[in-house]
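Student: Spelled out from the first residue to the last, the chains are:
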Amino acid sequence: MGMVLCDPFAEEKKSSQKTLAEMGRALAEAGISALHLDYRGTGDSAGRFEQFNLEDWREDICAAVDWVRLRWGLGRVGLLGLRLGATLAAREAVNCHACDLVLWEPVAEGERYARELAQRTKIKQMLTTGPGASSAQQQNQSGFLDLDGYLVAPSLMTQLGQLRLAPLEQFPQPALLVECTARGEVSPAAQALMADCPLGEVQALQMEPFWQRIGLTDTAPLIALTLQWLQGRGEGQA
Amino acid sequence: MSDEVELKQQLKAMIVERLFLKVSPEEIPDDANLMETYGVDSVNIFEIVVGLEDEFGISLAEEDFSIEAFATVEGIAELVTQKRG
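Line by line, the protein sequences give chains E and P. So the first sequence is numbered by our numbering: it starts at 39 and just counts up by one. So the second sequence is numbered by our numbering: it starts at 4 and just counts up by one.
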């Protein structure tokens, strides 16, 4: 069995690298092969961030699943994604015939997410340089939006704004959605997303949003929960 | 209890819960500087913003973001009251 780990977006990717690397190691130690993917234009992959969009990164996820199947000779390959990575993984899971799907805090409403990205940038500016630039001023001459150093093309912002995670009713394989919240309670929105997924499950952990901070949150409970679920799914399967 | 006092209590409870602060809501003075007293940073302020939108039903625009508004519970309460109109 193998898992492809799908990163979140921009600053959230940076903040969550430690947790995703630890998840990969935990999977490997448990005998589950793991590939931690850098989408094109991110991490060690080729290209510049601003050259690519959500369609490209969805293709990258499917290419990574195919690569794991062919190069590692694994018949059973699943997807694990965080935030935007979870949303993209959920949308591609059927297309690339993923066998297990793990969604950590998926972005459900792109419009709100796009607004939150701008708010986060605004708050950082407010604390470091005073009132800061308006959204219009954050855009350079080509219309690219500067989100903490990540240049986001107008077309990508439009794609993000239109993104919406539909209920996973068409995914026939085991799926786990994990919410990390202050109360550690499953939200009605998460339940609705998984309500019609025949083998879907939702769990919640009381945990700070580790994808917003580098290395300060203990994410061991999230890794343990995920591993336990995957191992449970793997019992009796090839 | 006045609406203003109740609002501040609700805000303090939300802040303590969402920021995982190790104090009880009642211990936070209305005028305490949250950044200096509790180490509130940009990530924390973003969590407060999400809390305001989720639990207090307000939507913040660009012009609502100022250090004064988010420095104290008093400031945040004023912002909520103003946005609720």
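No lab work stands behind these hints, which were simulated from the structure alone. Predicted model, so just to flag it, every value in this text is computed and none were measured. Glycine included, every Cβ here is placed at the ideal spot set by N, Cα and C. Hints should not be assumed to be uniformly reliable.
[Said to hold, decoys possible] Here are the in silico distance ranges between beta carbons for each label pair:
| id | chain 1 | residue 1 | chain 2 | residue 2 | range |
| --- | --- | --- | --- | --- | --- |
| 1 | P | Ser69 | E | Trp105 | 44 to 50 Å |
| 2 | P | Ser69 | E | Ala59 | 34 to 40 Å |
| 3 | E | Asp82 | P | Glu58 | 28 to 34 Å |
| 4 | P | Asp44 | E | Pro192 | 49 to 55 Å |
Student: None of the hints should be skipped; say for each whether it holds.
Tutor: Here is how each hint holds up against the structure:
no., hint, result
1, P/Ser69 <-> E/Trp105: 44 to 50 Å, "holds (49 Å)"
2, P/Ser69 <-> E/Ala59: 34 to 40 Å, "holds (38 Å)"
3, E/Asp82 <-> P/Glu58: 28 to 34 Å, "violated (40 Å)"
4, P/Asp44 <-> E/Pro192: 49 to 55 Å, "violated (30 Å)"
Hint check: violations occur at hints 3 and 4; the rest are consistent with the structure.
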